[in-house]
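**Q** Each residue of the sequence shown is one higher than the last, beginning at 0 in numbering that gives the first Met the number 0.
Among the hints, a few may not be true.
To be verified - With a straight-line cut-off of 16 Å between C-alpha atoms, the simulated EDC-like cross-links for lysine to aspartate or glutamate are:
id, residue 1, residue 2
1, Lys91, Glu53
2, Lys201, Glu186
3, Lys63, Glu42
4, Lys122, Glu139
5, Lys201, Glu184
In short, the hints are calculated from the structure, not lab data. Note that the structure is predicted; figures quoted are calculated from it, not measured.
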Amino acid sequence: MHSITVRFHWNTHFSFEKLKGTKQMEIITIDQRNILVGIRPIEPGDDSTLYASEVTSLGRAVTKVRRQSGAARVVARTLLGQLGFPQLPILKTRSGVPIWPPGVVGSLAHHDTVAAAAIAGTKRIAALGIDIEPNEPLPEKLIELIATPNEQRMYDLRLLQRRYLFVLKEAVYKAYFPLYNDFLEFEDVEIDLPARLGYVPKNDCTFSLELLVSNNVIGLAYSWPTCGDLAPLI
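Let's have the full structure, built from the sequences with the hints guiding it.
**A** Printed below as a string of structure tokens:
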């Protein structure tokens, strides 16, 4: 069976803002849902930005991990400041889920050189996940691991070789886990790119998706008020 070439357009309305004095941080506002997304290069010494309680919550993490975690939390604290929150530690649960102030939902992400965070108010968003990857081809040997048989039939090879499905599935997982305390494999998530939806069949759970592509590929997944409210389109 031949794969289908899917042409899709992300009609997201968003605005960019570069913040002075924040080491090239960019803030992106997803206008429809008032989601704030921040991205920033990871810098030497970002590990020193961690609060003592955050260092404790990271356990015996190596310097590279502390640096990446510190950079992501710098981004998150900047976004929280945009909403009027003070500079607070961002701890995590035993499962690794970040703990946000009351009234806020959010997510952290990074790759080797760039950190990202996304936050939103719980009046608009009940669950939120973000992932970021460099905008580089995905090794072909990973396609069958990431894409379900249905996705491999639905999308052509050129699209499957991009990191779109990877970041969107990771974002879905980060939004899904705090709701269900349940782990997902790549095969547990179906991505409908034209519909901009991510579907978790085992819990009849659907998330809205956003994809931001530049030098990095950023995937966002979110739901309101509960992730089962949207009918699956796959």
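**Q** Next step is simple, just say for each hint if it's right about the structure.
**A** Status of each hint after checking the structure:
{"no.": "1", "hint": "Lys91 - Glu53", "in the structure": "8 Å, holds"}
{"no.": "2", "hint": "Lys201 - Glu186", "in the structure": "11 Å, holds"}
{"no.": "3", "hint": "Lys63 - Glu42", "in the structure": "11 Å, holds"}
{"no.": "4", "hint": "Lys122 - Glu139", "in the structure": "41 Å, violated"}
{"no.": "5", "hint": "Lys201 - Glu184", "in the structure": "11 Å, holds"}
Against the hints set out earlier in the document, a violation occurs for number 4 only.
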